[in-house]
Amino acid sequence: MAVDGALNGVPAAEQARPARKTKRDPVTWIVKPVVWVLCLAPLAWLGWLVADTLLFHGRGLTANPVEFINRFLGDWALRFLLIALAVTPVKVLTGWKQAVRLRRLLGLFAFFYVVLHISSYVGLDQFFNWSAIWKDIIKRWYITVGMVAVLCLIPLAVTSTKGWIKRIGGKNWNRLHKAVYIAGAAACLHFIMMRKGLQVEPLIYAGVFAALMLIRTIEPIRRRFRARPAA
Amino acid sequence: MLIKNRIASDVSGSEITPKTVFDNRRAFLKTAALTGIGLAAAGLPSLPAYAARTPFSGVQKTQWTAKSMPENDPLNTYEDITSYNNFYEFGTGKRDPQENAQDFKPLPWEITVDGACAKPGKISFEDLTKPHALEERVYRHRCVEAWSMVIPWVGIPLAAVLKRFEPTADAKYVAFETLMDLERMPGQRQRVLNWPYKEGLRMDEAMHPLSILAVGLYGEVMPNQNGAPVRLVTPWKYGFKGIKSIVRIKFQSEMPATSWNEAASREYGFYSNVNPAVTHPRWSQETERRIGELFKRKTLPFNGYAEEVAGLYQGMDLRKWF
Chain A
1 MAVDGALNGV
11 PAAEQARPAR
21 KTKRDPVTWI
31 VKPVVWVLCL
41 APLAWLGWLV
51 ADTLLFHGRG
61 LTANPVEFIN
71 RFLGDWALRF
81 LLIALAVTPV
91 KVLTGWKQAV
101 RLRRLLGLFA
111 FFYVVLHISS
121 YVGLDQFFNW
131 SAIWKDIIKR
141 WYITVGMVAV
151 LCLIPLAVTS
161 TKGWIKRIGG
171 KNWNRLHKAV
181 YIAGAAACLH
191 FIMMRKGLQV
201 EPLIYAGVFA
211 ALMLIRTIEP
221 IRRRFRARPA
231 A
Chain B
1001 MLIKNRIASD
1011 VSGSEITPKT
1021 VFDNRRAFLK
1031 TAALTGIGLA
1041 AAGLPSLPAY
1051 AARTPFSGVQ
1061 KTQWTAKSMP
1071 ENDPLNTYED
1081 ITSYNNFYEF
1091 GTGKRDPQEN
1101 AQDFKPLPWE
1111 ITVDGACAKP
1121 GKISFEDLTK
1131 PHALEERVYR
1141 HRCVEAWSMV
1151 IPWVGIPLAA
1161 VLKRFEPTAD
1171 AKYVAFETLM
1181 DLERMPGQRQ
1191 RVLNWPYKEG
1201 LRMDEAMHPL
1211 SILAVGLYGE
1221 VMPNQNGAPV
1231 RLVTPWKYGF
1241 KGIKSIVRIK
1251 FQSEMPATSW
1261 NEAASREYGF
1271 YSNVNPAVTH
1281 PRWSQETERR
1291 IGELFKRKTL
1301 PFNGYAEEVA
1311 GLYQGMDLRK
1321 WF
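Line order of the protein sequences matches chains A and B. So the first sequence is numbered by the working numbering: it starts at 1 and just counts up by one. So the second sequence is numbered by the working numbering: it starts at 1001 and just counts up by one.
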């Protein structure tokens, strides 16, 4: 979850910039709109399933629609969080520097699905029964861990604007936004703990997260070695 | 032990249709029904395999009918009961069992009965069930995941079946096992649990009149995804105690190992009686969502069967023996 301006401590001037800030800049005028549509597609699909269930007695929401909606939104919150975390690795692996310009968009969509996931838990599953929700948070570890992820993400979403980068300074901003790694790890753990037994699916997500972190860690080291002139 | 006193109005053995004739009639009905369905299915190639449904004939009404249930406990639909299942042998998703169990062929089926009993041996599904009248049992079903349904099972009292094998005095518990077959049960390729699935009951629980071996629901042969051909149903316990597709029944003196207890002993105890007072690390057990309803309802001790079963646990600390 970062901003076009300053990334990973690299001054804004050295960051990838629009090829030309004209109307023909492909990232602004093609890539971003496409990403927007793709990011909204899961929500549109859920909307269709709800409409189909209510209007035509469709069974796409399963026999337990509340559980289905909550899990669907949770799945997509985690997926988008991993996609946002994949921006730097994609840049490293493909060399496509413009990728970082999608990071804020993807990060905020991850947060958007997180908010929907929580809303469905609070509003649909628990129906605003705050005492039951509080008991859940303190008694059930997987919910506690999920809440940790949310608490990490809230300040990042709030400070995602250029104004906030200026206000707190690029270095501090970068430091703050490292919290996304904690959120990613907590979200993966939340999913693993939520499932009964040791299931494969949540482990795949955790594996993807681990791989993304590994690429991030290795790349600066690799770069340093390459930068050194051969003896 | 149930002692039966003969009274004058009792039907004497000779008045009952000879068994061979009875069986032949049944076989004929079954063949006719299957042929009918086969023809219908042939005419409707788009019909999914799991839609093939075989009705039982002569299912007897019991005291546990839809009408005997409280007014706010209406039956769940056949569709709900057969499309929302926890049967990890066919995948961990709720809809996986319906999809992945379509091609499962339960018959022929053999059950091994052994351990502390006078008449151990291998018995076919047909021989296991044939001597008993099929009964309809409408029960509440409460999953440990805090959802519930009302299901019209077709089954036979577990006690009557177990007695035929003449358990000895050493038989303090009865252990059950599900089929282990990586080809037929593809979910077993993932080691979510230590397969085969294992469950168990204390002997007095197994002999309780509420405990049944279910062979169907809604008056029809058990759908594969619900545990065909034969599964356990103990309505005062969490659903996972109801072991499906049983291939082994063993009488023993020590408490049997059970699958979920092996996987997470802090979360799943041997008894696993429905108990709103004992919280679970994953789910509050105070409330449950009845499938088909939006709002949660309060969970009842022993799933509403306290009157019948609470006596089994007199003097036991149910917080300890959860």
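FYI, nobody ran anything at the bench for these hints, they're computed from the structure. Don't take each hint at face value.
[Said to hold, decoys possible] Part of the chain A face toward chain B, derived, beta carbon under 8 Å:
no., residue
1, V66
2, K135
3, Y142
4, L198
5, Q199
6, P202
[Said to hold, decoys possible] In silico lysine-lysine, DSSO-like type, Cα no more than 27 Å apart, as pairs:
no., chain 1, residue 1, chain 2, residue 2
7, A, K135, B, K1298
8, A, K139, B, K1130
9, A, K97, A, K196
10, A, K32, A, K97
[Said to hold, decoys possible] Calculated Cβ distances over 10 Å to all of chain A for the following chain B residues:
no., residue
11, T1065
12, N1072
13, E1079
14, K1094
15, W1147
16, Q1190
17, V1221
18, P1276
19, R1282
20, S1284
21, G1292
22, L1294
23, K1296
It should be emphasised that the depicted structure is a prediction, and the values quoted were computed from it without experimental measurement. Quick reminder that beta carbons are idealized off the backbone N, C-alpha and C, glycines included.
Hints, verified against the model:
1. Interface restraint check: V66 of chain A against chain B, minimum CB-CB distance 7 Å, threshold 8 Å, status holds.
2. Interface hint status for K135 of chain A: upheld, as the beta-carbon distance to the closest one in chain B is roughly 6 Å, under 8 Å.
3. Given the 8 Å rule on beta carbons, the hint for Y142 of chain A holds: about 7 Å separates it from the nearest Cβ of chain B.
4. Interface hint status for L198 of chain A: upheld, as the beta-carbon distance to the closest one in chain B is roughly 7 Å, under 8 Å.
5. Among the interface hints, the one on Q199 of chain A holds; its C-beta lies about 5 Å from the nearest C-beta in chain B, closer than the 8 Å criterion.
6. Interface restraint check for P202 of chain A: the shortest CB-CB distance to chain B comes to about 10 Å, outside 8 Å, so the restraint is violated.
7. At most 27 Å may separate the alpha-carbon atoms for a hinted pair to count; K135 of chain A and K1298 of chain B meet this at roughly 16 Å.
8. Distance restraint check for K139 of chain A and K1130 of chain B: the Cα-Cα separation of roughly 49 Å exceeds the 27 Å cut-off, and the hinted pair is therefore not satisfied.
9. Annotation: proposed proximity of K97 of chain A to K196 of chain A is violated, straight-line Cα distance about 41 Å (limit 27 Å).
10. Only pairs whose Cα atoms come within 27 Å are accepted, and K32 of chain A paired with K97 of chain A is accepted, the gap being roughly 15 Å.
11. For T1065 of chain B, the shortest C-beta to C-beta distance to chain A comes to about 23 Å, beyond the 10 Å cut-off, and the non-interface label holds.
12. Every C-beta of chain A lies more than 10 Å from that of N1072 of chain B, the closest at about 18 Å, which supports listing it as non-interface.
13. The beta carbon of E1079 of chain B is not kept farther than 10 Å from every beta carbon of chain A, the shortest such distance being approximately 7 Å.
14. At the 10 Å boundary, the C-beta of K1094 of chain B falls inside the reach of chain A, the nearest C-beta of that chain being 6 Å off.
15. Its closest Cβ contact with chain A, about 6 Å, brings W1147 of chain B to no more than 10 Å, contrary to its assignment away from the interface.
16. At the 10 Å boundary, the C-beta of Q1190 of chain B falls inside the reach of chain A, the nearest C-beta of that chain being 6 Å off.
17. With 10 Å as the threshold on Cβ separation, the claim that V1221 of chain B sits away from chain A holds: the shortest Cβ distance comes to roughly 21 Å.
18. With 10 Å as the threshold on Cβ separation, the claim that P1276 of chain B sits away from chain A holds: the shortest Cβ distance comes to roughly 13 Å.
19. A beta-carbon of chain A is positioned within 10 Å of the beta-carbon of R1282 of chain B; the least distance is around 6 Å.
20. A beta-carbon of chain A comes within 10 Å of the beta-carbon of S1284 of chain B; the shortest separation is about 6 Å.
21. Some Cβ of chain A comes within 10 Å of the Cβ of G1292 of chain B; the nearest lies about 7 Å off, and the non-interface call is violated.
22. Its closest Cβ contact with chain A, about 7 Å, brings L1294 of chain B to no more than 10 Å, contrary to its assignment away from the interface.
23. For K1296 of chain B, the shortest C-beta to C-beta distance to chain A comes to about 8 Å, within the 10 Å cut-off, and the non-interface label is violated.
Hints 6, 8, 9, 13, 14, 15, 16, 19, 20, 21, 22 and 23, counting from the list given before, are not met by this structure.
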